[in-house]
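Asks: From first to last, the protein sequence lines are chains A and B. FYI, the numbering used here numbers position 81 of the first sequence as 81, with every residue one higher than the one before it. FYI, the numbering used here numbers position 288 of the second sequence as 1288, with every residue one higher than the one before it.
Think of the hints as simulated: they come from the structure by calculation, not from any bench. Glycine residues also receive a C-beta, built at the ideal position from the N, C-alpha and C atoms. Any given hint might turn out to be false.
[To be verified] A partial selection of chain B residues facing chain A, derived with a Cβ cut-off under 10 angstroms: (1) 1121; (2) 1124; (3) 1130; (4) 1150; (5) 1156; (6) 1241; (7) 1253.
[What the hints assert, rightly or not] Every beta carbon over 10 angstroms from chain B, so not counted as near; a handful from chain A, in silico: (8) 35; (9) 69; (10) 187; (11) 238; (12) 264; (13) 270; (14) 347; (15) 385; (16) 390.
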Amino acid sequence: MRRNPLLLPACCLALSVLSCAPSASRTVTLAAGKDPTGQHQALLAEFERQNPGIKVRVLEMPESSSAQHDLYVTYLAGRDRSIDVYSIDIIWPAEFASAGWLMPLESLFTAGELEDFLPGPLAGCRYRDSLYAVPWFTDAGLLYYRSDILSRHGLKPPVTWGDLINQATALSRSEGLAGYVWQGQQYEGLVCNFLEVLWSCGGRVFDPAGRPAMDGPQARQAAEIMLEMLRTSASPKGVLTYKEEEARQLFTSGGAVFMRNWPYAWTISQDSGQGSAVAGRTGLAPLPSLNGRSSSACLGGWNLAISRYTRHPESAAKLVRFLTSVRSQKHFALHGGRLPARASVYADAEVLAANPHFAQLYLAFASARPRPVRPDYPALSDEIQLGLHRALAGNVTVRQALLDLQGRLERIAGMDR
Amino acid sequence: MVVGRKPYVHGLLLAPALMAIGVVVFFPLLYSLYVSLTDFTLRNAGANLVGLRNYHALFTDLRFVASTVRTIAFVACSVTAEMLIGFGLALLMHQLARGRGLFRAVVLVPWAIPTVVSGLTWRWMFNDRLGAVNAALKAAGLIHQPLAWLAGSATAWAAIIVAEVWKTAPFVALIILAGLQMVPSELYEAATIDGAGRWRRFRHVTLPLLWPTLLLALLFRTIDALRVFDLIAVMTGGGPAGGTEVLSLYAHKVLFAHLDFGYGSALTFALFLLVMGCSVAYARRAVR
């Protein structure tokens, strides 16, 4: 084959012209975890239609939240310019904002527009009176129960921790199942489970003066309640090794009466195709509380933030506004079962028809609270996980474990100042 | 000497390799040493040199001391078991007249599975209610109540060591098998003629000739076990109550949860010194 001597240069020229063309339009890169809904593509295509000149590239992150955190820290500490919008866990805005990695987004919305977002997620996205992320979808702890077993015994879903412990102990004996399963392994999930009990006892991690409050009576009471679950065998000792999936599999295989879990477990529990043995026999309720107090679920959920190092702040802002809009959140609720972070979507007739359980969820979500919004949260969490597991796995007394924890939290909080 | 006239040619030819090693080995090492001498956290961008403060802090840090002790105990237990089982497997494979290739391939399967995957599998196998281990023990009548393996320190360690040995014994077996195959068969014949029995042949022919191979396997496994991270991170995350937190796990928490890069680097450098110390000790023994 004879080669045309001009072919190569011609190709190069054509290529360079072609690659020039898209550079007239901007490419915004969104870093987000794996998309289980399969709806990212559809929505982003619509965004690109509405905004000619902006292309969106999605950079898929690892599924594990802590792996994602480590990766983000590496990108942002290295002032990476290739990512414009980050989808971040509700516990990271303060940490990232205090490091100066995120753009303040206060001006993106009017005060009236912000009112539609659920108060908990919004509080989690604020740091020192400015907004650094916008709630995209949310998550909160819920109580799952076997409605068939409860009604057979003439029981109502428990409202207090005492009720839950009594019912779980009695039913686990009479039914030969595990009673109440939750997330008790030494990891982030344990902090959520603990905070839910702590808040329902009227306690907090930090008192209003900003001092750690792990030596207070409420923290003591909360830890005692959790220990009581293990002592009475309301919860099997194995919960100390459970994360979400261990609890979920045991519950949906019909092996437990009660479970604390995030909303994702609902969809699976109702799907016999995914091997659920409890479809149609599961109920949802807000988590219990201490007598007469209100219960508070721990918030999870993901939020969109704009990198300080972005080259395209306007386009990135457009993308964030679009993805967090009522329209997008409704789309995710209808097609992916994702939980909206906007109150108005929960009132939408179409959404409620597709997801009747959203009405129940909204009750829990409206009072859900974020974990301590502080830049040093991951360090606090590490210590709380360790301190609480020492109390629960039983090598030290609750009193001693909490005193040690208090000392460690004081040191971290002091270091940060 | 041909190149003697231009001595710089040596250096010139070596330069690319030296540069590559410098960039990928020495730079990170020296940089982490430098960081360990500062108070660098991700939030205070400007790092100040603080001398040996981070290293001083190590000695009063109970979490560091405990995780170091745990790391060394883990290495001692798991490497001993791996060497014994691996040696046994290797002798078995060496005796095989037929099917050695197939056996070797089968034995290698655990080694080929990524640790995170096998760790997750073991985590589920040791699950108290849904796990295969308790199901088997129950079927055998050994337990009546489900045992929460990973909820107690001692049983969690047992589970971790089983998972580690399951994965790495085949690797040891393969190295030792290679060593066994290098022992000339004439030596065995000569020993047999001299009246040596099975045990004496093993003791006086196999073992001395296998010594360098055993040391090599021991070195590889010790270094690897000292750095254990993924298996424990997946199976227990350091729990219960911090009971399985090893040095690398603690360093990771300090680096990425506490974002304390100065102290975290001191921790990783301590681990490096531990690994380096072992390597040097082995190397000197091997030379002798």
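Asks: Over 10 angstroms from every CB of chain B: does residue 390 of chain A meet that, or does the non-interface label fail?
Replies: Non-interface label fails for residue 390 of chain A: nearest chain B Cβ at 4 angstroms, not farther than 10 angstroms.
Asks: Are residue 1241 of chain B and chain A close enough, Cβ to Cβ, to be under 10 angstroms, as the hint says?
Replies: It holds, given that the least Cβ distance between residue 1241 of chain B and chain A is near 4 angstroms, below 10 angstroms.
Asks: Are all beta-carbon distances from residue 238 of chain A to chain B longer than 10 angstroms?
Replies: violated (3 angstroms)
Asks: For the restraint on residue 1253 of chain B, tell me whether the closest CB of chain A is nearer than 10 angstroms.
Replies: holds (5 angstroms)
Asks: Does the CB of residue 1121 of chain B sit less than 10 angstroms away from some CB of chain A?
Replies: violated (13 angstroms)
Asks: Confirm or reject the statement that residue 69 of chain A sits farther than 10 angstroms, beta carbon to beta carbon, from all of chain B.
Replies: For residue 69 of chain A, whose nearest Cβ neighbour in chain B is about 7 angstroms away, the distance does not exceed 10 angstroms, so it is violated.
Asks: When you look at the beta carbon of residue 385 of chain A, is every beta carbon of chain B farther off than 10 angstroms?
Replies: violated (8 angstroms)
Asks: Given a cut of 10 angstroms on the nearest C-beta pair, is the interface hint for residue 1156 of chain B held or broken against chain A?
Replies: holds (8 angstroms)
Asks: Does the interface hint hold: is residue 1130 of chain B within less than 10 angstroms of chain A, judged Cβ to Cβ?
Replies: This interface hint holds because 6 angstroms falls under the 10 angstroms limit.
Asks: Does residue 1124 of chain B meet its interface restraint, that is, does its C-beta lie within less than 10 angstroms of any C-beta in chain A?
Replies: holds (8 angstroms)
Asks: Would you check whether the claim that residue 35 of chain A is not at the interface survives, using Cβ distances to chain B and the 10 angstroms cut-off?
Replies: About 22 angstroms separates residue 35 of chain A from the closest Cβ of chain B, which puts it past 10 angstroms; holds.
Asks: Does the claim that residue 270 of chain A lies off the interface hold, with its Cβ farther than 10 angstroms from every Cβ of chain B?
Replies: With a cut-off of 10 angstroms, residue 270 of chain A remains clear of chain B, as the shortest Cβ separation is near 20 angstroms.
In this structure, the earlier hints numbered 1, 9, 10, 11, 15 and 16 are contradicted, and the remaining ones agree with it.
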